[in-house]
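> Each chain, letter by letter, is given below.
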Amino acid sequence: MSDYFETLGRYLPRILDGLLITVELTIGGALLAVVIAIGLGLLARVENFLLRGFARVVIEFFRGTSLVVQLFFLFFVLPLPPFNVNLSPIVVGLIGLGLNYGAYGAEVVRGSINSVPKGQWEATTALSMSNVQRMVRVIFPQAWALMIPSLNNLLIQLLKGTAVVYTITIVDMTAIFNDMRRDTSVFFSYTIALLVYFVIAYVLSTLMGLLERRATAKLGRGIKLHVIPDAKGVAT
Amino acid sequence: MIDDSLWNWKHVWAALPDMLVAFVKVTLLVTFAGSLIAAVLGLVIALIRRSSPKPISAIVTFVMNFVRMTPLVVQLLFVYYAVPSLPGLAVGIIVFGVHYATFMAEVYRAGIESVPKGQWEATTALSMSPARTWIAVIIPQAVRATVPALGNYVISMFKETPFLVTIAVIDMVGAAQKYGGVHFRFTEVFVSAGILFLIASYPTSVLIGRLEKRLAY
Amino acid sequence: MPTESDPLGELGLHTGAVELADGEIPAIRFENVVKQYGSNTVLDGLNFTVRKGDRVTLIGPSGSGKTTILRLVMTLEDSTDGYIFIDGQPLTHIEKDGRRIVLKDKYRFEMRKRIGMVFQQFNLFPNMTVLENIIEAPVHVLGHSKADAITRAHELLEQVGLPDKAKAHPTSLSGGQQQRVAIARCLAMDPEIMLLDEVTSALDPEVVGEVLGILRNIAATTDVTMLIVTHEMQFARDVSNRVLMFDAGRIVEEGSPAEIFDNPQEERTQAFLSAVS
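Chains as they are written, first to last, in our numbering: chain P, 1 to 236; chain C, 1 to 217; chain U, 1 to 277.
Each hint should be verified, as a subset may be incorrect.
Here are some chain P residues pointing at chain U (derived, C-beta under 7 Å) [to be verified]:
#1 P141
#2 T216
#3 K218
#4 G220
Capping the alpha-carbon separation at 30 Å, the derived lysine-lysine pairs in DSSO-like fashion look like this [claimed, not checked]:
#5 U:K106 - U:K167
#6 P:K218 - P:K118
#7 C:K10 - C:K178
#8 U:K106 - U:K96
#9 U:K146 - P:K118
#10 U:K113 - P:K118
#11 P:K118 - U:K106
#12 U:K113 - U:K167
#13 C:K117 - P:K118
#14 U:K167 - P:K118
#15 C:K213 - P:K118
#16 U:K106 - U:K146
#17 P:K218 - U:K113
#18 P:K218 - U:K146
#19 U:K96 - U:K113
#20 U:K167 - P:K218
#21 C:K117 - C:K54
#22 C:K10 - C:K25
#23 U:K167 - U:K146
#24 U:K96 - U:K146
#25 U:K146 - U:K113
#26 C:K213 - C:K117
#27 U:K96 - P:K118
FYI, nobody ran anything at the bench for these hints, they're computed from the structure. The beta carbon of each residue, even a glycine, is placed where N, CA and C say it ideally should be.
Start from the sequences and build out the full structure, keeping to the hints where you can.
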């Protein structure tokens, strides 16, 4: 067993490199996903039929066709003719994760905006606010507090999803622990891997919890939040 | 000769039989068998957390959260290499089942909690037995919040079955990748795989959405 | 105007009309306004006129279309047919070559600025403080300077009896206080027409008086046109100079508060008044 820890010590620099890749993919993918989620989520509720239809198709497409298929498509198909687009695996990973979880997030954004009480929308009309003012100054700040718990769930899903990227040659944390398994044992290597993922997930959740508290505090006390079902249909 | 056309149907027809076989034998099998395990084990977890003494329920809760918050892929690798005698497909079914059980346990909990406190009080006021309380009052109401959510998790599981490539189980996407690697044609096979996922999952989620509306008060 | 349910075109034609002086432009005019929700007709060819500075109370059983009238004036909803004029100008639709044409959003937006509304559920913005709620629209819609808006907001808070609540969050206030802030927020826009939609219905009985007191004061000290839907008959009597009794989307009786409350002529008015008092 002490040999194992010695090996772990030797692996430490590589583990930190892998950890960095995993965190980069998680944070980068999440930022991209949030941008996509807000864009598509807002577009999915405009009046214009074409724009709304476009948003719906994109959302359903990326929700409906498995993350792995999307990653493999970007990784294997894009470099071939006629596309000839050579993206580094990391970029492929970021785009794939961002699009997939962004599409899920778009439904969260749309649902949260729709659940801001009708009276709030009517008050903005009574005060003659423009559509942009209404969204930016009144509706979105309230919807934001509603969507954070679901976005938190998605963030954890995204972190877990990054573990599959080693199949497109990205040397993330899972890839390193796959190697370490051969020099230590299956139990030792993967237990540590799971622990590290758990700690990251825990830290991210805690940070999102702080963000949520800040957002709800801005709405004052006594506000009852409806919890929006997350991408998988459940509030946790 | 390099075929650099964007799309060649020949490859779709050539790859599709193997992909469909893998779809039925692996993708659907893991989804359904995994769902069954998840639904039953999830209920067990929910009941233990509800009714056992605090230390036990605290431990169960921690383990549940640990499994929920760590990657399915690593869990697959762990079990696959830890128990070499177990075939990959069995590993897939068990790990998917256990992983999703932790999510379904929360669905059951939320479902039970969605029944207002007044309903429990009313059953007490009517001196109903615990069994009768559950069967006649609580479960019928909890189901409304539960069934659609469980359905959504089944769809999630379905779309995550390609994770099986990490433990050398050839699911539909694995079959697509295999064909693509041999013929150096990836466009047709991955587009086909995506469309098959879409064809199966989109109508299902629409149906679940309808069910959800129908079950809502 | 003959309709299917009113072949002689008698109903709703004379009721709701007022005598106007030569060249006088009314604050609000409804011409044959129809509002349907699906197959449910809420307003059926409604005509009525509100003079500038009038305080008109709409009474009647729930579902009689009173609130719908306010919502149409506020452009929260569109009428199905007919025309509404504010200060002689069309609000949402005009008639052109015999066809009903919807007016552009930009035009509606300008019309809307002249009208304010206080809601039953207050609808204060929970993501803003009391002061921010009040200055939001004056600054960002009317383009007033922030300093001016703040000065005015403090005056208004004084007027509604909440001078020390500027920094408070709406959710920390009682219902009565929230409604007083909502009234201040409405007044901050200097509306020509104020719509009051059951403003005391969501309040605890003991705070109804303070809210109504403020509205009485506004009625006494300004010349804003008010269109009021309320179940507080004493308030209607005190504040309004005209009362319209509605039933099933039609005006069944109208007159001064004294006429309607002390000497109702119509059976439905009598039944309604005895039910609410």
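> For a quick check of understanding: which of the numbered hints are violated here, in increasing order?
Per hint list: 2, 5, 24, 27 violated.
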